[in-house]
Amino acid sequence: MKDKYELLKEYFGYDSFRPGQEHLIDSILKGRDVLGIMPTGAGKSICYQIPALMLPGITLVISPLISLMKDQVESLNQAGIHAAYLNSSLTYNQYLKALSFARQGRYKIIYVAPERLATMEFLAFSMQAEISMISVDEAHCVSQWGQDFRPSYLKIVDFIDQLPVRPVISAFTATATAQVRDDIIRILKLDRPALTTTGFDRKNLFFQTERPKNKFQALIHYVEQFRGQSGVIYCLTRKTVEEVCRKLVQAGYPATRYHAGLSDAERQKNQEDFIYDTKPIMVATNAFGMGIDKSNVRYVIHYNMPKNMEGYYQEAGRAGRDGEPARCILLYGAKDVTVNRYFIAHNNRNDELSEADRALVQEQDEERLKQMVNYCMTKKCLRTFILNYFGEEGPDNCGSCSNCTSVEGRASDAYKQKRRNIKTDEIDTELFDALRALRLSIAKENKIPPYLIFSDKTLKDMCAVRPKNKTDFMTVPGVGIVKCNRYGEAFLRVLKEYGGKSI
Numbered sequence: 154m155k156d157k158y159e160l161l162k163e164y165f166g167y168d169s170f171r172p173g174q175e176h177l178i179d180s181i182l183k184g185r186d187v188l189g190i191m192p193t194g195a196g197k198s199i200c201y202q203i204p205a206l207m208l209p210g211i212t213l214v215i216s217p218l219i220s221l222m223k224d225q226v227e228s229l230n231q232a233g234i235h236a237a238y239l240n241s242s243l244t245y246n247q248y249l250k251a252l253s254f255a256r257q258g259r260y261k262i263i264y265v266a267p268e269r270l271a272t273m274e275f276l277a278f279s280m281q282a283e284i285s286m287i288s289v290d291e292a293h294c295v296s297q298w299g300q301d302f303r304p305s306y307l308k309i310v311d312f313i314d315q316l317p318v319r320p321v322i323s324a325f326t327a328t329a330t331a332q333v334r335d336d337i338i339r340i341l342k343l344d345r346p347a348l349t350t351t352g353f354d355r356k357n358l359f360f361q362t363e364r365p366k367n368k369f370q371a372l373i374h375y376v377e378q379f380r381g382q383s384g385v386i387y388c389l390t391r392k393t394v395e396e397v398c399r400k401l402v403q404a405g406y407p408a409t410r411y412h413a414g415l416s417d418a419e420r421q422k423n424q425e426d427f428i429y430d431t432k433p434i435m436v437a438t439n440a441f442g443m444g445i446d447k448s449n450v451r452y453v454i455h456y457n458m459p460k461n462m463e464g465y466y467q468e469a470g471r472a473g474r475d476g477e478p479a480r481c482i483l484l485y486g487a488k489d490v491t492v493n494r495y496f497i498a499h500n501n502r503n504d505e506l507s508e509a510d511r512a513l514v515q516e517q518d519e520e521r522l523k524q525m526v527n528y529c530m531t532k533k534c535l536r537t538f539i540l541n542y543f544g545e546e547g548p549d550n551c552g553s554c555s556n557c558t559s560v561e562g563r564a565s566d567a568y569k570q571k572r573r574n575i576k577t578d579e580i581d582t583e584l585f586d587a588l589r590a591l592r593l594s595i596a597k598e599n600k601i602p603p604y605l606i607f608s609d610k611t612l613k614d615m616c617a618v619r620p621k622n623k624t625d626f627m628t629v630p631g632v633g634i635v636k637c638n639r640y641g642e643a644f645l646r647v648l649k650e651y652g653g654k655s656i
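First residue of the sequence shown: 154, per the numbering used here; consecutive thereafter.
FYI, nobody ran anything at the bench for these hints, they're computed from the structure.
C-beta atoms are modelled at their ideal positions from N, C-alpha and C, and glycine is treated no differently.
Check the hints yourself; a few may be wrong.
Listed next, with one range per pair, are the computed distances between beta-carbon atoms [claimed, not checked]:
hint	residue 1	residue 2	range
1	600	630	34 to 42 Å
2	247	650	36 to 44 Å
3	207	487	51 to 59 Å
4	407	581	54 to 62 Å
5	207	257	42 to 50 Å
6	400	594	28 to 36 Å
7	247	402	42 to 50 Å
8	580	249	42 to 50 Å
9	487	600	30 to 38 Å
10	413	155	38 to 46 Å
11	182	526	43 to 51 Å
12	400	314	46 to 54 Å
13	544	249	42 to 50 Å
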């Protein structure tokens, strides 16, 4: 059997693990339950995908959103790993066919919605299958004190208890306070879990708050700064999404929209327009984003203040997943507080909770909203405020937020300097654009998002390395054996046109 380093290189194209990954992988392989609290972009999925390839049976990944499952399965299939998902997007016949393939042992990893666990067909399959691990993604959904509580997550333990053999349980989340962390361990019945918290500091992100007199003019100012780049604009209400998107389109910007009031077909189309960079600006409510692993989002702008820090950090964290510099801007106003208080008062109608529990959740939500207001109003370091909220220490002056750089002009200078510091070398923009065009062409031909082929960061590394053969091509971070064999010749041809050279 191949070891974890061989699998990491072969399927994911990396020579070494990120902080926290190896400890979690080793713990799982020793048969120990784990809880990983790792920020967006830190590589949580590899922590269960590598062990899944090494364990004898199947790994079930419990995930809350269809978009997340589809994205992850497509990414695994692109890497050469057989995976499938089971959720409501499949017809009944497709679902039965996928279960049949699973019984035949075609898949090492199966993504499943929590609601699916209690169905007769899935239970029958699970009683017969060799399930080596159950991995709970977005594990904070199990806690009523979390910002995204989902009652269906409470049924996970009932499912595990019915299995003839208890598998290893791994749980992962990007945002969890100490209270939520303890809830995850207790509710999922994790047995003396190995706990890894890699820290909440995303050093490539520049944080900024502003209370503009005219929000839309402020928005245009920042969108223009990032013209041609991919970004997400979050709004509190569907009405605001519609208004902002319409105005951006009228102003000549390639924007689209996403909220729960649209039809499934339109949401799917708009999401694909964003993923394929046909319309690189997405205006959305918080219904958009979880599980969207688009690596080249260069900015996230909150047009309104979110109702809690957990939600804000998760949404803002969708910027810069490739490790390149990105900007997180929050535009706030007094009306945002009023709208959030209305949502808090009317969004706790949950039949799973008693009246007393609902009152406690509402009280907790009100306290979270106060902390969100404090973040917007503080004159101290924004990065440190976020880190303190999640129980970590931070610097007095990070040099990479609007408060620590005082003025917007200096903030821009600091952001640009950070871009220069993070880059290994200045890239050939003409070559980079040619590689991006090739990637887009391949993506359209195969009907997959471009970032599932190679990330922008991997393309930039190709520009720096300039490989001229497959051996050199394999040295580029993010290029695994399967992708090298599948796409190597096409990318090497473009590199040769621009003077490819051996490293």
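Hint by hint, here is what the structure shows:
| no. | hint | verdict |
| --- | --- | --- |
| 1 | 600 / 630: 34 to 42 Å | 26 Å, violated |
| 2 | 247 / 650: 36 to 44 Å | 43 Å, holds |
| 3 | 207 / 487: 51 to 59 Å | 54 Å, holds |
| 4 | 407 / 581: 54 to 62 Å | 25 Å, violated |
| 5 | 207 / 257: 42 to 50 Å | 21 Å, violated |
| 6 | 400 / 594: 28 to 36 Å | 32 Å, holds |
| 7 | 247 / 402: 42 to 50 Å | 36 Å, violated |
| 8 | 580 / 249: 42 to 50 Å | 49 Å, holds |
| 9 | 487 / 600: 30 to 38 Å | 46 Å, violated |
| 10 | 413 / 155: 38 to 46 Å | 43 Å, holds |
| 11 | 182 / 526: 43 to 51 Å | 45 Å, holds |
| 12 | 400 / 314: 46 to 54 Å | 53 Å, holds |
| 13 | 544 / 249: 42 to 50 Å | 46 Å, holds |
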